[in-house]
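**Student:** Residue numbers (my numbering), protein chains in the order written: chain A, 6 to 262; chain B, -6 to 287.
Incorrect hints may appear among the rest.
[As the list claims (entries may be wrong)] Partial selection, computed: residues in chain A whose CB lies under 10 Å from chain B:
| # | residue |
| --- | --- |
| 1 | N11 |
| 2 | L20 |
| 3 | A132 |
[Claimed, not checked] Okay, the calculated bits of chain A under chain B, using three or more residues with CB under 8 Å as the criterion:
| # | stretch |
| --- | --- |
| 4 | 24 to 34 |
| 5 | 41 to 50 |
| 6 | 86 to 92 |
Calculated directly from the structure, the hints in this document are not laboratory data. Ideal Cβ placement from N, Cα and C applies to all residues, glycine included.
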Amino acid sequence: MKSLSNLQQAFCDLLRTSDPPPRDLMDELLDDGTALERFNVYRNNFIVLNGDALADMYPTVKRLIGDEAFRSLANLYVRKHPPATRTLLLYGDRFPSFLESIPELSQLPYLPDVARLEFEWTCAYHASDAKVLARDEVASIPAETFTRFGLEPHPSMHCIGSDYPLFSIWAANQEEGSDETISLDSGPSRIVIVRPGMEVETREVGEGTFVFLQRLQTGDSIEDAFNLALQTDSAFDLAVFFSHHLFDGTFCALRAC
Amino acid sequence: MDEPSASHCRAAAPVPVRAGVSLKAQHYQPVIEQRPSIGWFEVHPENYMGAGGPPLGYLERIRRDYPISLHSVGTSLGSHLPLDRDHLGALKGLVDRFEPGIVSEHLSWSHGREWYTHDLLPLRYTEDALNKVVEHVDQVQEALQRKILIENPSTYLQFRDSEMTEQAFLVEAARRSGAGLLLDINNVYVSCCNHDWDIEAYLSAIPANLVGEIHLAGHTVQAMSRGTLRLDDHGSAVCDEVWKLYKNCIETLGPVPTLIERDSNIPEFAELLGESIIADQVLTAAFSKYEVAV
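Generate the whole structure from the sequences, applying the supplied hints.
**Tutor:** See the structure below:
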């Protein structure tokens, strides 16, 4: 009879393989001739429960490659990278790079980026809540000093850049029955994900906005971030950007720089 | 006890002796908008361990109108490995924030050395496993500063060297730790069918004074090379046999808060509400019988 620790370790290590369980584990089980089938229920549960969590996280990837292909990739992934925490809320963080390692998927070079977008979407969904930047707060400082401040982006904000038309690919797959054709040559895509309230927003933005937000995220002042954004994208219009996004929950506070 | 707090505009904490249902994300909106006549809701705390966001926001809103129960799936009470302090801290945070009427966990384990199966794995019912479970229940109760309920599992295999029956192990674990029991009647039915155990003997070993909650759920039947196996997937309506057992149990135990549990194939909310009405009728009948007897 194995010790409690040896028994449990052998049991759960064997959930990760499809090899026949070794004799010494099978000897631990009461066997009416169906012990292996009974053990395989646990193997199947392990793969299916965690694979379902992965499917919830990556619905667009699943749609792009089909249910069957997704299920077999999920089986491989769950065995290779089983959950490392006691919640499944953010299970699947390594799935984007896992997809990159699968040679059969090289025909879909944008797939890992789609997965990155979906992972960040769920991160934003569960990110900390934060209050929205208030007009009073901005009004309380002298107007001429405003651009010397930084802006604290909402904790859910994440910027994703892709060499592929990622936003179009993702957006076309959010509706059932959509069969839009997207040319992979239609250029790179810049996306900002943010959850100011209860809804996660996925916004396609211009290069200037993208750089501006990335710089603010790293702690730059509005002025410095704007100058860098302008160097990358001469069409970036700060007044237009602020008229839409200064008080819509993209930011939660002014920050002294 | 009546200290002013953020909870002053909330429903009272204790879970009433009525039917409750599992709260699923699909049902946040109908529950908030329609305020259905349901005694209470139960959630898996692990689904609310994010930093923020809609799940916590919706739960906060629903908690205003209903008592809740936290039914944990991640403590791994039966593991030979130590409890996870971070997880326990997160659980304590949710207990403090939401003031659940009941906190419960399964008699199982799910913890590999550096990873988690997220499935509820079966225990070998031996004295050393019992000691480990009691030690862990003590630690959970100490960390949460409250009593928890331990739920009987559904299992698909048995260990040759088990030294006692599941029901004896369960009752002993509760007695030694001071915990109560969450009696899942579907799990009793599933495990007894899967292992050819005597259902009557199982249920009659459960002392009424330990049972703080009952679970009812559906299961599926899978063919094996010899016979069949019942799988506890929480994906369908409660079956007739389990309803029958439930009615008998309530006659014996008296009325107990009862959950209609559903974790997959989530139906329209009305379907769960319908099942909760049946359970409420059983509980009401038991109350009136009790009153007549008094």
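**Student:** Each hint: holds or not?
**Tutor:** Taking the hints in turn, this is what the structure says about them:
no. : hint     : in the structure
1   : N11      : 9 Å, holds
2   : L20      : 6 Å, holds
3   : A132     : 6 Å, holds
4   : 24 to 34 : holds (count 3)
5   : 41 to 50 : holds (count 6)
6   : 86 to 92 : holds (count 6)
No hint from the list above goes unmet by this structure.
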